[in-house]
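Our numbering puts the first residue of the sequence shown at 1, with every later residue one more than the last.
Since the hints were made in silico from the structure, they are not lab data. All figures in this text were calculated on a predicted structure; none of them were measured in a lab. Mixed in with the good hints there might be a few duds.
Straight-line C-alpha distance at most 25 Å; calculated DMTMM-like pairs for lysine to aspartate or glutamate [claimed, not checked]:
#1 Lys34 - Asp91
#2 Lys57 - Asp18
#3 Lys134 - Asp15
#4 Lys21 - Asp84
#5 Lys57 - Glu14
#6 Lys134 - Glu118
#7 Lys134 - Glu158
#8 Lys149 - Asp173
#9 Lys71 - Asp61
#10 Lys2 - Asp107
#11 Lys21 - Glu101
#12 Lys2 - Asp173
#13 Lys2 - Glu75
#14 Lys34 - Asp61
#15 Lys71 - Asp15
#16 Lys149 - Glu101
#17 Lys57 - Asp15
#18 Lys2 - Glu101
#19 Lys71 - Asp84
#20 Lys149 - Asp61
#21 Lys71 - Asp91
#22 Lys21 - Asp74
#23 Lys2 - Asp84
#24 Lys71 - Asp18
#25 Lys34 - Asp173
#26 Lys71 - Glu14
#27 Lys71 - Asp107
Pairwise CB distance ranges, derived in the manner of DEER restraints [stated by the list, open to error]:
#28 His93 - Leu176: 19 to 25 Å
#29 Glu25 - Ala77: 17 to 23 Å
#30 Ile59 - Ala85: 22 to 28 Å
#31 Ala94 - Pro156: 17 to 23 Å
#32 Arg67 - Ala152: 30 to 36 Å
#33 Ala117 - Ala42: 18 to 24 Å
#34 Thr114 - Gly80: 21 to 27 Å
Beta carbons: idealized from backbone N, C-alpha and C, even for Gly.
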Amino acid sequence: MKLVLLDRDGVLNEDRPDYVKNPGELVMLPGAAKAVARLNAAGFTIAICTNQAGIAKGIFDEAMLARIHAKLRDELARAGASLDAIFHCPDAHASPRRKPEPGMLLDAIRQFRTTAAETPFVGDNLRDLQAATKAGCPRHLVRTGHGAKIQAAGIPAELLPVRVHADLAAAVDALLGTPS
1 MKLVLLDRDG VLNEDRPDYV KNPGELVMLP GAAKAVARLN AAGFTIAICT
51 NQAGIAKGIF DEAMLARIHA KLRDELARAG ASLDAIFHCP DAHASPRRKP
101 EPGMLLDAIR QFRTTAAETP FVGDNLRDLQ AATKAGCPRH LVRTGHGAKI
151 QAAGIPAELL PVRVHADLAA AVDALLGTPS
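Modelling step: build the complete structure from the supplied sequences, incorporating the hints.
Next comes the structure, spelled out in structure tokens:
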């Protein structure tokens with residue numbers, strides 16, 4: 001089993017400071033869907049692990065999140081890509097599943113019967129790197145979303161090693177061992 005875990009906002013689609021609240025606000029990042037298609041073609045299983053505090057805050061509900069994720073799946077399908085699972089945490093405050101805690105990542109690793117050491121996590125935020133470190137996953141930071149700001153601020157030593165990539169397509173190049 002070759003599993004790759006992805007954050008959603010800032011990795012696959014544009015991150016919004018006011019949340020992606022409906023399907024119309026989900027805007028894919030250039031090249032992200034084709035990058036997922038390349039992972040699919042190489043035989044990888046793909047799961048998203050995403051914090052969705054907007055649910056706990058009453059900004060949108062589970063039904064709306066399902067519609068947003070349906071649009072995400074449609075956008076990916078247009079590029080020949082698909083997801084095997086989407087894990088989300090609706091909590092707005094610290095919980096075992098909310099990143100920077102590793103709960104969602106560990107749930108995915110258990111569901112797909114693999115090991116953390118063999119499961120890279122691609123994110124754009126410090127809490128993504130923290131969750132991946134706690135889970136024991138190899139860490140990949142994309143410079144899209146918050147990634148460039150995180151890299152510029154300096155990645156804390158306890159989270160290293162972290163491979164840094166321009167975007168998801170470049171991260172996929174590294175995962176597949178192909179030149180950028």
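Worksheet item: Does the alpha-carbon distance linking lysine 71 and glutamate 14 stay inside the 25 Å limit?
Response: holds (14 Å)
Discussion item. Check whether the Cα positions of lysine 134 and glutamate 158 lie no farther apart than 25 Å.
Written reply: With a Cα-Cα distance of about 10 Å, the restraint between lysine 134 and glutamate 158 holds, given a limit of 25 Å.
Worksheet item: CA of lysine 21 to CA of aspartate 84, is that 25 Å or under?
Response: holds (23 Å)
Practice prompt. Just tell me: holds or violated, for the beta carbon distance of threonine 114 and glycine 80 against 21 to 27 Å?
Written response: holds (24 Å)
Practice prompt. With respect to the beta-carbon atoms only, verify the hint that arginine 67 and alanine 152 lie 30 to 36 Å apart.
Written response: holds (35 Å)
Practice prompt. Below or equal to 25 Å on CA atoms is what counts here, so check lysine 2 against aspartate 84.
Written response: Given that 25 Å is the threshold and the Cα spacing comes to 12 Å, the pair holds.
Practice prompt. Please work out if lysine 71 and aspartate 84 have their alpha carbons no farther apart than 25 Å.
Written response: Within the cut-off at roughly 15 Å; holds.
Fill in: Restraint status (C-alpha distance of lysine 2 to glutamate 101 at most 25 Å)
holds (22 Å)
Worksheet item: Does the alpha-carbon distance linking lysine 2 and aspartate 173 stay inside the 25 Å limit?
Response: Cα-Cα ~15 Å, so holds.
Worksheet entry | Pairwise hint evaluation, aspartate 61 against lysine 34, where the allowed Cα distance is 25 Å at most | Distance ~29 Å between lysine 34 and aspartate 61 Cα, so the pair is violated.
Worksheet item: When you take the CB atoms of alanine 117 and alanine 42, is the distance between them in 18 to 24 Å?
Response: holds (19 Å)
Worksheet item: Holds or violated: lysine 34 with aspartate 91, Cα cutoff 25 Å?
Response: violated (31 Å)
Checked against the numbered hints listed earlier, the structure breaks hints 1, 14, 20 and 28; every other hint is satisfied.
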